[in-house]
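Colleague: Chain order of the listed sequences is A, B, C, D, E and F. Sequential numbering of the first sequence, starting at 1, is according to our numbering. Sequential numbering of the second sequence, starting at 315, is according to our numbering. Sequential numbering of the third sequence, starting at 629, is according to our numbering. Sequential numbering of the fourth sequence, starting at 943, is according to our numbering. Sequential numbering of the fifth sequence, starting at 1257, is according to our numbering. Sequential numbering of the sixth sequence, starting at 1571, is according to our numbering.
Hints may contain errors.
Said to hold, decoys possible - Capping the alpha-carbon separation at 25 Å, the derived lysine to any residue pairs in SDA-like fashion look like this:
(1) D/K1006 - D/T1022
(2) A/K130 - B/V340
(3) D/K1247 - B/F523
(4) E/K1299 - E/C1351
(5) E/K1487 - E/S1460
(6) A/K130 - F/Y1799
(7) D/K1126 - D/S1056
(8) D/K1230 - C/M810
(9) C/K922 - E/K1299
(10) A/K264 - B/F523
(11) D/K985 - D/E970
(12) D/K952 - B/V340
(13) F/K1883 - E/E1512
Bear in mind the hints are in silico, worked out from the structure with no lab data behind them.
Number of protein chains: 6
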Amino acid sequence: MPKKYISSLKTGEVVEDVFLVLKKEVKETREKKPYLNLQLADKTGSLEARKWDAAPHLCNSFHKDAFIKIKGVVETFNNTLQIRVNEISPVAEECVQMSDFVPSTEKDVSAMMSELRQIIKTIRDPYLSKLLDAFFTEESFCKVFSTAPAATQYHHAYLGGLLEHILSVARLAVSFSNLYPMIKRDLLLTGVILHDIGKTRELSYERSFHYTDEGQLTGHLISGVLMIYEKAQKIDGFPSDLLNVLFHLILSHHGEYEWGSPVKPGTPEAIALHHLDNLDAKVYAATKAITEHKDTSSSWTDYVKMFERRLYKK
Amino acid sequence: MPKKYISSLKTGEVVEDVFLVLKKEVKETREKKPYLNLQLADKTGSLEARKWDAAPHLCNSFHKDAFIKIKGVVETFNNTLQIRVNEISPVAEECVQMSDFVPSTEKDVSAMMSELRQIIKTIRDPYLSKLLDAFFTEESFCKVFSTAPAATQYHHAYLGGLLEHILSVARLAVSFSNLYPMIKRDLLLTGVILHDIGKTRELSYERSFHYTDEGQLTGHLISGVLMIYEKAQKIDGFPSDLLNVLFHLILSHHGEYEWGSPVKPGTPEAIALHHLDNLDAKVYAATKAITEHKDTSSSWTDYVKMFERRLYKK
Amino acid sequence: MPKKYISSLKTGEVVEDVFLVLKKEVKETREKKPYLNLQLADKTGSLEARKWDAAPHLCNSFHKDAFIKIKGVVETFNNTLQIRVNEISPVAEECVQMSDFVPSTEKDVSAMMSELRQIIKTIRDPYLSKLLDAFFTEESFCKVFSTAPAATQYHHAYLGGLLEHILSVARLAVSFSNLYPMIKRDLLLTGVILHDIGKTRELSYERSFHYTDEGQLTGHLISGVLMIYEKAQKIDGFPSDLLNVLFHLILSHHGEYEWGSPVKPGTPEAIALHHLDNLDAKVYAATKAITEHKDTSSSWTDYVKMFERRLYKK
Amino acid sequence: MPKKYISSLKTGEVVEDVFLVLKKEVKETREKKPYLNLQLADKTGSLEARKWDAAPHLCNSFHKDAFIKIKGVVETFNNTLQIRVNEISPVAEECVQMSDFVPSTEKDVSAMMSELRQIIKTIRDPYLSKLLDAFFTEESFCKVFSTAPAATQYHHAYLGGLLEHILSVARLAVSFSNLYPMIKRDLLLTGVILHDIGKTRELSYERSFHYTDEGQLTGHLISGVLMIYEKAQKIDGFPSDLLNVLFHLILSHHGEYEWGSPVKPGTPEAIALHHLDNLDAKVYAATKAITEHKDTSSSWTDYVKMFERRLYKK
Amino acid sequence: MPKKYISSLKTGEVVEDVFLVLKKEVKETREKKPYLNLQLADKTGSLEARKWDAAPHLCNSFHKDAFIKIKGVVETFNNTLQIRVNEISPVAEECVQMSDFVPSTEKDVSAMMSELRQIIKTIRDPYLSKLLDAFFTEESFCKVFSTAPAATQYHHAYLGGLLEHILSVARLAVSFSNLYPMIKRDLLLTGVILHDIGKTRELSYERSFHYTDEGQLTGHLISGVLMIYEKAQKIDGFPSDLLNVLFHLILSHHGEYEWGSPVKPGTPEAIALHHLDNLDAKVYAATKAITEHKDTSSSWTDYVKMFERRLYKK
Amino acid sequence: MPKKYISSLKTGEVVEDVFLVLKKEVKETREKKPYLNLQLADKTGSLEARKWDAAPHLCNSFHKDAFIKIKGVVETFNNTLQIRVNEISPVAEECVQMSDFVPSTEKDVSAMMSELRQIIKTIRDPYLSKLLDAFFTEESFCKVFSTAPAATQYHHAYLGGLLEHILSVARLAVSFSNLYPMIKRDLLLTGVILHDIGKTRELSYERSFHYTDEGQLTGHLISGVLMIYEKAQKIDGFPSDLLNVLFHLILSHHGEYEWGSPVKPGTPEAIALHHLDNLDAKVYAATKAITEHKDTSSSWTDYVKMFERRLYKK
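Assemble the whole structure, with the sequences as input and the hints as a guide.
Modeller: Next up, the structure:
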């Protein structure tokens, strides 16, 4: 039986499927009987579930962040769907397809990687070209790079989101370079492609997305610089000026001190990178906020922190 | 004899040409004889000039902002060129080619207008299309629009600069719309083309660029809205929703309250317009600051206020 | 039987009256029986109410924002009044006196309008006088103007609040003009009277107060300017300077960019308008926060966001 | 011969009068002869003056901030008046009428003091009334209070300026209290009258205005509080609550931390005081900037720091 | 039986002890029987408690902030300890040891006072020495000073916290003065010791910590200045310069206007005091946030407002 | 003849010595004869100098930033010393003692290095100890480290200033660690000693102090991290956690984003380092501003940007 995804469940439907446990609470009825209040998730969303008469050994048989198989029925309660659970059994992590449970890009990852490699091939500066090759011929890097999310929230917060975002900015940068001939195309494109690689170290994305210790201690800008430094050290004669200018693109791409850049953009390419990155992230986030806002009674989304206002949906 | 431009003068050269008087001071030598200290300009730059033994009637024969014909010799004084003037005669404004004296775009204005009209033709929404036609079939508007500068300083501060900037953003917006299909292309392009039209009323650009009274009292965002309002009133059935959304693009395109927008961008198109406009203006300004910085002994420009830092020239 | 208002209900009292439904939740007892949890309101306040044993058809017989007639008893539960409801029946909107349900000014609206008209009569500038007449002889405008609230919260957030606020500032401005002879009295008074007219379009105030689409897209400053522009177009020879200066008063009256003004006050009258408006709104809001704070055990109100502190009540 | 004031001098006029020396420089002609370059002032303004052939003993016979009598002729040089001095002789401070040299209010000081005392008499609270009497029956205080400027620049920066400003705000506060009956009139008026008394200690205004050491170390808000504390200690039974509330008005009247108030206004009276004070100071400063801007070729003043913009003069 | 402290309770344990009532709610079971939901506290922490079948007279026999003796059993419910209460009896305030219920320093108060007095003895300036003696020989002051908390939250928020903080900064200041000979040691130490004395008036700390009316109206900086002023008035010949400089240290020690200082530090000693005070408070607060964060599954604390980030615990 | 330093010159004195040319201008007398206007410097200060009758070949015989030997006389002109130059001859850089011309620490560099090495020896953590050894046993590093200034202005802006600042903070940190036992002493001291090493790459200090390209592109925080990374890579088993925590100290020591830190301090040691560094730099800068302010007629320095106010000198 193919997995039924949470986003497609309907009231009355019988469920017999595996879910990720996002939250688990043991509560007590007025009659002092324990019951389980769960939040279950898969990659398409999450849902409340309730198991009455939950014996202690059942309650203790699994924990938050584990996978469980349940049998139950979907009910509507106070305008919201929830599952009344009849049976629960733990499921080992090895037996699940992780990609069913963590949100991931809807695009074709290998097609995106191919397109990005095509763009990389157009770079003619020998040192920048070698530097990019050093990354994109390393299998372990490619795997992580094509799997990582771009953020823990706001924009491209799903597996493959980093690649999707980088490719999107890279396409814009190609068009942009054609229209602005004074821009150093090779430098800008290298900056675009590498500007967020520190995120592969900054973000942890097993089951849920959060920051690593390194991420919180030094931030992805500095991690990215260190990753580039390591590769560049191994390229004979990599000009130190070029390396510093590339570091500058990475370090300044947040644009302002208060957004975590230790330097402000000081070259046309750094200025362009900051704005192209911002343009893609902001338009993506706005579109997402509008699409995901389900209340059809209003022409406006709720307040969106990133934009410091509500967005117009019409 | 063809006009000799200031940027091409060399020490020792004899000058017999017309210039705009930017500054005029009557000074006195220790021996109590009056002399004239002038700053002369044409579209390529400005230069100090001095006329010794300046009789009062000569001093009073012209004023600041007038045109004069001079005969004199170019000298080098303390590393700077200046003109030692022998003769001065006033020149009527009708006798000069204004474009010789006010900086203007180096691009072909009618080619730019054609390209912009081509872009306008691709707009399929009937109301937006009619609105743009209402502007771009009005000869007086077209003349002002294709002559105005985009700013008094910083970016595109020369005749035709507004058109150059609008076309540049419009090209970017065309590429951008192709890459981001969720964007309402017609609305974005209309916003791009009209977002700065208030500047045709805000800026005065006879000889030197400054703000009009209207510009300083209400600002070009509101002037733009009023200009659109007037045209839209005459288009039968122009949907009020569409008009408000277009107003929103105009009013919010500075992006933040502190930059003079009374509302923050609240639609994907408004967000995109703000960033595309910013991207073009910032990259243009950075390139200009680098190109115009002549001190070859440093890899860095002077401090540039817009970027809150010095820019790297290599 | 005259309506009993919520603010006057006492424990033990029998209620048989019409209320506005602010919130409606269908909940379930442990025994799986549905019950209704309501929040009922009239112009004097709101109250929780509970209907046990609520059959589905009853639950579906009305919705949020509707009017219902209830029979029930007022009880005290955990120090708070609530109504135990026995019977519910929907009431058509046509059958209710809307003013019983939406908070409105306690002052006499027609007396306030008269006083304002008296002030308008003292304006001697022929154009400003005609402009004000154009508004205040239009019945539909007067109706909306005298009904609108001044805000959705904080100050004068009730029907007639806009008129009350405008009159209050106008009185202050009359006194102020007498004390400061260098002020252009006619201009200041016109600015005071018209500065918030955009709110008649920005705010929707059927049953509850919220912002219209236009309000959120362009803001009331720009709506006000457009309304004045329309009227002024029809007045022969209205001087464009005067119009721009009046626009400036409207646009700058919030005083700072971050409060939504696209220009900062740049004339003595604009500066005075900003401060007079602020003075009235702030003193009103502080008095209201103090009056409405019911906890007598403290000399201080809760934290009031507008003042970024708690207020002293003694 | 009555004193000729600087503001009335005309080119060609013979001068024989006493002036205050604002600046004194000994320079040298190309022929190595010393000459004196002076800036002379009286209460109506200041002017450059030059004395050729200035023997060293003459140069040393007076210093900056001294008074000198000169004989000379007024000349126009490069569009500006200056004095060609022929004779100089020092004048003892005792021999001058100080009020001829320091700018002072054009209003009648004793009439202003009378009006203020009339307002004080209307205060009915016995403690506040006694407190004000303690100040206004003390001759030395009254003298300083009626002589002090309100600031070193910006607003009311002249002898008697403090009194003029206080009276102006007090009149506004009287009107305001009549219109807003919820305001504690006695408290507000006492706050208005005493809010700036610390300036009598903060500012030094012998010849030129500057801050005292105390002013720069603690500020006039704290000085004012200490002055009130001293007086209140001597009033039997002055309620400590009332004293704290009055301190609060003094300390919070700048309105914001960044303007030097250690607390933000937290009572309706404190809020009103802040806004009334601000209203008077801002309208005064704007009017002054417009009146004093002499360049008739522009409708705008220069940039005015206090308003962060240029002001419109029409 | 010695008091059992909340921090040491374990599930299953029988409790028969006195606690402070932090919160008290009367709720109702589905069967309409009232029960009590309490939050009980002593100096080591707080805990939920529940009393079923709570007769109205029992519910009314005590109030929030009172002391009660309970008998009951500790249970674990949903991973949290709570007390199931069987019996409740009110306890008069006179019968409790207040220090059992309000958190207080773990250090030896009289040892700290001794050490501080030793430091005071090293001050050689006769006026500063007399001033400190005036405070520290006054029994009532010493009692309050050694009992007061340093803040209501964040740092040293417990009885004796003020003394602990002052001593800690004083020790640092002694070391610092030894290393920086240009610092006026006596002045700095006096500033350190007196900089927070206004807190003895600003904070109320009976049972729970909150701000007094005086504290909220004028703040502890001004209270401190007034306290010093009173003492200094009684010391013959106290130099007014020295007093102003000392006031300056007190008033400026928050360092910035937005942190409530009406003046910014303007002497080396004021600058040092601000930084030493800050250093002690920040390091203390960080250590406390780390120590008190009990969730061992993360290397990071929760977000800490004071540091605008999470802290690393390893 | 021993060098006469600028700070010791007196009017009338004959000078025959070598100076650094800070500024060089060729001007013209009224009689069209060129003369030289120079600014000459040594490590103790700078002075104007003038050479009349300067033949073109003399003017061209040296340039700005060169060394010249002059013969001349010190004169007083308009209260300021200047040199009337009679003879000029260029001096090769090899022939001068650079330390005579660039300001440098007055302390004993090798004594400071010894003391710092003593402190390093007290570090017991084997990895941090090895890391510090890797730096301080490298001769080239030690030479640069002990020569570099700490800044281009404000604090410790002279040769050896970096070492002096580091030692000063290190001493403070030793005292501090003794008083705060919860601090990880080894980590804090290592952070203190290495926090500014990036400045050895960021600052260029041949003759005058300015930022290098690397300094302006990436900043000294990132340079420091890269320098540590290089050394740590060569230490077997250096724990990556420890390295990240140390990076965190370096990166966060400016304390706030707007001061260029890409992360805010998130450990007690990082918080302490930020405040200790700040304390030393601020107290040093204040003392210097007071010492160097020579105008004895005022108790206050001029406005000091770092402190946003004037400082009190008494």
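Colleague: Against this structure, judge whether each hint is valid.
Modeller: Hint check results:
no., hint, verdict
1, D/K1006 - D/T1022, "holds (23 Å)"
2, A/K130 - B/V340, "violated (65 Å)"
3, D/K1247 - B/F523, "holds (23 Å)"
4, E/K1299 - E/C1351, "holds (16 Å)"
5, E/K1487 - E/S1460, "holds (23 Å)"
6, A/K130 - F/Y1799, "holds (23 Å)"
7, D/K1126 - D/S1056, "holds (23 Å)"
8, D/K1230 - C/M810, "holds (10 Å)"
9, C/K922 - E/K1299, "violated (31 Å)"
10, A/K264 - B/F523, "violated (30 Å)"
11, D/K985 - D/E970, "violated (30 Å)"
12, D/K952 - B/V340, "holds (20 Å)"
13, F/K1883 - E/E1512, "holds (21 Å)"
Checked against the numbered hints above, the structure breaks hints 2, 9, 10, 11 and satisfies the rest.
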